[in-house]
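Asks: Each chain, letter by letter, is given below.
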Amino acid sequence: MPHRTFFWFILPSALAMLLFIAFPLVSVILQSLHVEHEQILVTSENCGPFGCKQSTSVDVEATALLKDAAPLGRFNGLGTYFDRGHLATAEISAAWSGTDSWGGFFSKVMNLPFYKALAFTLAYTVVVTPLVILLGLAVALGVNGLPKLLKGPTIFISLLPMIVTPLIGSLILYWMIDADGILGKGLQYIFDDPALSLKASPLLTWLTLFTYGVWHGIPFAFVVFYAGLQTVPEETLEAAMVDGASRWERIRYVVIPYMGPLFVFVALIQLMDNFRVFEPIIGFSAQANASSLSTEIYGDLLGDNAQYASAAATSTLTVIGVAILLTPVLIRTWRDFNRKVV
Amino acid sequence: MNMLRKAALGTAFAVLSGTTAIAGCGIGAGNVSIIANDFPAIHAITDAAKACEGDGLTITANMTKEHQTLNAPGMSGTPAEYSVAVVANSSIVALLNDGLVRPLDDLIAKYAPDLPNVNKVSVDGKVMAVAFMANAQHLFYRSDVLEKAGVAVPTTYEEVVAAAEAIRAAGIMEYPVALNTGAGWNLAEEFINMYMGTGGELFETGSAVPTIENENGVAALNMLKRLTEYSNPDFLTFDSNATQALWEAGDTALSVMWGSRGAAVLDNEGSSDEIVSTTVLAAAPTLGGGSTPATTLWWDGFTIASNISDEDAAASFQAMMVGISDEVVKANQDAAVWLSPVYEATPASAGVIASAQGGANPYPMLPYVGLMHSALGDNLAEFLQGSESAEQALADVVAAYTTSAKEQGFLQ
Amino acid sequence: MSIASKRRSTPLVLISSVLVLAWIVVAAFPFLWTLWGSFKVQGDFFSKADWMNALWGTRTLIETGGTFTGAGYEGAWIEKEFWRAAMNTSIIVFFTVIISLTLGTLGGYALARSGYRYAFWLLMLALVFRAMPHITLVSGYLLPFFEWNLWGHIPTTIVVLVAINQPFTLWMLHSFFLNIPKDLDESAMVDGCTRFQAFRHVIVPVMWPGVITTGLFSFLLAYNDFTVTALLLNQENQTMIPKIASFLGSTQVEGNVMFAVAAVVSATAPLFVLILFFQRQIVSGLTAGAVKG
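In order, the protein sequence lines correspond to chains W, D and C. First residue of the first sequence: 1, per my numbering; consecutive thereafter. First residue of the second sequence: 1001, per my numbering; consecutive thereafter. First residue of the third sequence: 2001, per my numbering; consecutive thereafter.
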């Protein structure tokens, strides 16, 4: 396609992304390189309904002068990226030299907010993504084998977990797994432990979140794989049968390789979404035991003091993290693309 | 419902405040645009203000849970999208820090000269907000359960722990205590309440240097831990909805909850008569032999934007004064603990008033307190789970706070 | 005919049937439970006292005189005017899907047919864009939107949702167009059509299955969005999900959880209908190629 035609076709879409994603992305990166001006503090008597007290406040006029001189703030280079709230290089090296065992070092690192969040984010991504793909495929194969009459309703029910808003969906499940809720009581009965609570221990909280992630993710993988199954060429399957391949062997050696691109597609979307896990942690009130890069960003932005620079740095690190995770997928797409050119 | 306390508390706040009378609308032309949180008391205010519309006066209100995120950007433009922001002592600081709200002294002198001092929130002598309601966390107890366990009503946290032990020992309840100890904002608020009860200061006077790494901080944490030992093991997920549900189900007998939840606890919905009729709201307990209730007092009030015309500011101020007028307070006695002379205390407000009269501290209106609050919320859960020492938890808080305070320019 | 039709009585069939059955239960149960609970009062829905109360409606009977109550629905739809939010959501979702698909088909088609390297890099860039957390983007919009008086309006939100949606739409449609044979439009161009005419007359008629599938995902994104709609719309334009969140109350003040539960059920209902209608298209659309990677 000539450059000119391409340009006109892509223009509206590119313009939307440029204005609403690329520009903000640039400004986010810029912001992450700056920190706020020095706030000039004054002490004065402040009063309220509950009495008066000597107290500190910001000298607005003096601080405004500093702000007008440099609206972006003080240039800090990569300082924010390496501070304790993010990559914490100084704290890591102190932990390294201050401990003599791996365990001690590890527990010090896990005490740093960014690594704590990264640990959960990665664990979530690594556990949920393959499970979603595997179970999604299994459900797709199973549904594919159902009698025609049952297929419709089954597909419909299978899509339910995907179509409810994650924030609300996780809240509903959270109510159900309460020690007094139906699922919580059911688990207590199954494990014969009346004190069992999914909310109390870190391990159980993580497992609950993983389970939710898989529950929410399966429908997407299912619908993609189910559709893919319809396109597997009949001749190849029959040839395999003639060769005496069992049902399992047909799936293993014919169906799965044929659906390779589908695995890539689902993996791509799932990796990306799981890496940005946020809603379940809030919905399940799991902040005590689990934090993710996204909850760190929310925490920075939505408190009484919004911390834009810190949120910008974490956001940039999230994008970089996604890019690293996706590298294998990207390399594959690059090869496919070059094949297309030839 | 238990009505006998009503007479005793009567006009507790009327003693603090003088009289105020704002008559009629007659505001004149202007644009009033309010951003506020979304709850009934504020609806009553904005509805009353909206009734004044007409004659070139337009009043719009955006009541949303996201008000805290929206009010600063919404007041930054010229002219500002919002002329009025309803804030609390925590959320006003973001607006003060950026100079987004104007001093109200001229407006008060002109339109509400009789405004009592109790309603004025001033910084360095300039009134920056008009407060209209109060709130605090305080003790809720079940008189019948305490009686059955044979303990007196606790007035200190040490007594709360002893009472909890007695209730547990008597086999009445395994987990009689509940506080809003959900990790994050709630847990941080509980710590600040306790810490205030020890008489500690969060920061060095006149600077943003934190001073919580001391024995007061450790004492506050240890008391929280002792209390959570009598809480359901899920305590790190407890928010107001959870503690209220536990209370209404009769699962707890000694809770520390928000005063603003009192009316909902005492109504007939969601709970049995046995529980409702024996629920008593009392002042927050004290701690470690101190005399100040270990809680923080909160106010809600309104501010007027800097970046609007004087005409709009005048209209906004008058409209809001109509919104918090005596008539509105009288018609909505149950909706809040109003800072108004015509407010008559209800059983639901007993705990807040008792805490205020006991001399509890206000939640500090400091420019950097939000950063401390976030740092506390993120770093205390491990101590309560027993995987970290109190000293380590406080050190983590200070490290996290220092990092963000440096990024925000409060520390160098 | 599918692979399943050549069934043998292997344990595999048994296992897969059990698995599907288990999955159906797991997928549907929370919805059935919520649907059932939405006709109870809060005390029964949470059933702190005894979980069986949720089944028998013990407190519902005490508080309302019957074991089922429509109070949640009445409160949400009539008292709290949930229908307004439903209307706003419909408008936003409708335009977001239409505009997303229009831009996406044009862009996706161009990306699929261009052999130049920059097309690849554009696709990669779109992925990076998709990695951006929404909250960061939205908090960046606030100041300029307030400054330029764009904040609070429905069109602004539609445009933002379209833009945020574009990376996914582009990827999906691009892969879909890759599977429509090149010869189709190229032969039309040999016959004298311009590229756009070829697209209009040859590609558009055969692209619907893929477009419908992509549209469904766009629909879900716009319908379920919380971050963008909660922070960019004023109260009169509020959509369903932020409205439901507002029913839940705040730290200080009790909300009305049963309104939220009823509203959640109500908000899910149109999706049921939608999925029933489009179920076959979703599958056939994906089959037609969108998922070929």
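Hints are computed from structural coordinates only; laboratory data are not their basis. Ideal Cβ positions, reconstructed from N, Cα and C, are used throughout, including at glycine. Treat the hints loosely; a few may be bogus.
[Stated by the list, open to error] Here are some of the chain D residues that sit facing chain C, going by a computed Cβ distance under 8 Å:
no., residue
1, A1029
2, Q1244
3, G1270
4, E1274
5, G1288
[What the hints assert, rightly or not] Anything over 12 Å on all C-beta distances counts as not near chain W; from chain C, calculated:
no., residue
6, I2078
7, N2179
8, G2192
9, L2216
Asks: Among the hints numbered above, which are violated by the structure, and what are their numbers in rising order?
Replies: 1, 4, 5, 7 and 9
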